[in-house]
Amino acid sequence: MLTLTSEAARAALPFDRLIAALREHFTTTCEVPLRHVHEIASPGGKITSLIMPAWLPGRYYGVKIVNIAPGNAAEGLPGLHSAYLLFDARTGVPLAQIDGDQITTRRTVAASALAASYLARADARHLLVVGAGAVAALLPEAYRTVRPIEQVTVWARRASEAQALAARWREQGFEASATTDLPAACALADVVSCATLATDPVVRGAWLAPGSHLDLIGSFTPTMREADDVCFEDARVFVDTEEALQKSGDLIGPLSRGVLRADDVRGTLTTLCKGMATGRKTATERTVFKSVGTALEDLAAAVQVFETARG
Numbered sequence: 001m002l003t004l005t006s007e008a009a010r011a012a013l014p015f016d017r018l019i020a021a022l023r024e025h026f027t028t029t030c031e032v033p034l035r036h037v038h039e040i041a042s043p044g045g046k047i048t049s050l051i052m053p054a055w056l057p058g059r060y061y062g063v064k065i066v067n068i069a070p071g072n073a074a075e076g077l078p079g080l081h082s083a084y085l086l087f088d089a090r091t092g093v094p095l096a097q098i099d100g101d102q103i104t105t106r107r108t109v110a111a112s113a114l115a116a117s118y119l120a121r122a123d124a125r126h127l128l129v130v131g132a133g134a135v136a137a138l139l140p141e142a143y144r145t146v147r148p149i150e151q152v153t154v155w156a157r158r159a160s161e162a163q164a165l166a167a168r169w170r171e172q173g174f175e176a177s178a179t180t181d182l183p184a185a186c187a188l189a190d191v192v193s194c195a196t197l198a199t200d201p202v203v204r205g206a207w208l209a210p211g212s213h214l215d216l217i218g219s220f221t222p223t224m225r226e227a228d229d230v231c232f233e234d235a236r237v238f239v240d241t242e243e244a245l246q247k248s249g250d251l252i253g254p255l256s257r258g259v260l261r262a263d264d265v266r267g268t269l270t271t272l273c274k275g276m277a278t279g280r281k282t283a284t285e286r287t288v289f290k291s292v293g294t295a296l297e298d299l300a301a302a303v304q305v306f307e308t309a310r311g
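The sequence shown begins at 1 in the working numbering and counts up by one.
Derived by calculation from the structure, the hints in this document are not laboratory data. Check before you lean on any hint, since a few could be wrong.
Cross-link-like lysine to any residue pairs, in silico, SDA-like; alpha carbons within 20 Å at most [to be verified]:
id, residue 1, residue 2
1, K274, A74
2, K281, R266
3, K46, K274
4, K46, T27
5, K46, D200
6, K274, D228
Cβ-Cβ distance ranges computed for the label pairs, FRET-style [stated by the list, open to error]:
id, residue 1, residue 2, range
7, R310, E171, 29 to 35 Å
8, R310, P222, 23 to 29 Å
9, M276, P222, 41 to 47 Å
10, A122, E171, 23 to 29 Å
11, R157, K281, 17 to 23 Å
12, Q151, A283, 14 to 20 Å
Here a beta-carbon is modelled for each residue, glycine too, at the ideal position from N, C-alpha and C.
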């Protein structure tokens with residue numbers, strides 16, 4: 001069994017290849033059971049543990065365990081840690097143990113970029129990132145793969161973290177800056193991408209510009225929320241999988257209040273990639289993409305890492 005480090009996983013997952021792999025996997029017969037979710041009490045605060053299996057019949061079977069610990073921020077630690085195990089789906093033989101953090105962060109932003117290739121305006125150049133964690137840090141690079149992103153603005157609860165992240169992006173060639181005025185930044189952005197662990201809305205629909213695309217990454221449990229109800233009003237709404245309707249507080253709240261109905265959701269990444277759903281229709285409509293993550297994405301990334309290592 002191969003043991004593949006964070007460095008090996010990152011090198012094997014450039015965003016152009018990874019986005020293409022996700023697009024392909026969303027059109028396959030990959031089987032994805034519902035994830036297991038466990039709440040684990042700890043002295044530093046509750047840990048949410050997700051167990052996420054998926055398989056390609058006759059080819060690969062993989063399982064990811066991901067632990068989310070919001071209290072880690074106070075200790076200067078990342079809030080998310082994970083590991084991935086890949087097996088031969090014909091024999092059950094273990095093939096690889098892979099750094100799950102790289103798989104999780106890179107496939108997450110790649111999925112958002114994949115959605116944006118259908119939902120963001122073709123001329124979208126200004127990206128606003130809300131959050132300053134590991135996922136947020138990768139968003140400009142991934143979005144630049146599918147849209148001509150030139151300007152990047154970042155907002156975070158800790159202004160110093162936003163400033164540090166903007167400095168990193170400037171080294172990557174972006175025109176990047178930090179802001180403390182989130183409403184004004186939303187009004188100017190073509191794409192607003194939220195990658196936080198918020199439990200109350202940080203973005204409000206009244207702030208969003210006509211023709212903008214809102215990407216909601218962080219709310220993957222019923223108690224988490226990044227967007228208020230107005231974000232979904234008069235917008236074309238898409239999800240990564242139908243599981244998002246049962247998992248995300250961003251959707252559960254508006255659904256319970258009648259702001260959004262399940263049949264208002266226009267499509268998933270599967271129906272978009274298969275051409276069964278139509279993405280953006282006009283330059284002035286607002287679009288929303290809500291993801292909670294799916295084991296299909298993890299498997300696609302893990303297979304790419306393993307096959308790259310095997311040569």
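Results of checking the hints against the structure:
1. K274 to A74: violated, 43 Å
2. K281 to R266: holds, 12 Å
3. K46 to K274: Violated - the C-alpha atoms of K274 and K46 are around 39 Å apart, more than 20 Å.
4. K46 to T27: Status violated; Cα separation ~36 Å.
5. K46 to D200: This hinted pair holds, its Cα atoms lying about 17 Å apart.
6. K274 to D228: Violated. K274 to D228 sits at ~30 Å, over the 20 Å cutoff.
7. R310 to E171: 29 to 35 Å: holds, 33 Å
8. R310 to P222: 23 to 29 Å: Violated, at about 40 Å.
9. M276 to P222: 41 to 47 Å: Violated: the Cβ-Cβ distance is about 28 Å, outside 41 to 47 Å.
10. A122 to E171: 23 to 29 Å: holds, 27 Å
11. R157 to K281: 17 to 23 Å: violated, 35 Å
12. Q151 to A283: 14 to 20 Å: At roughly 19 Å between Cβ atoms, A283 and Q151 fall inside 14 to 20 Å, so the hint holds.
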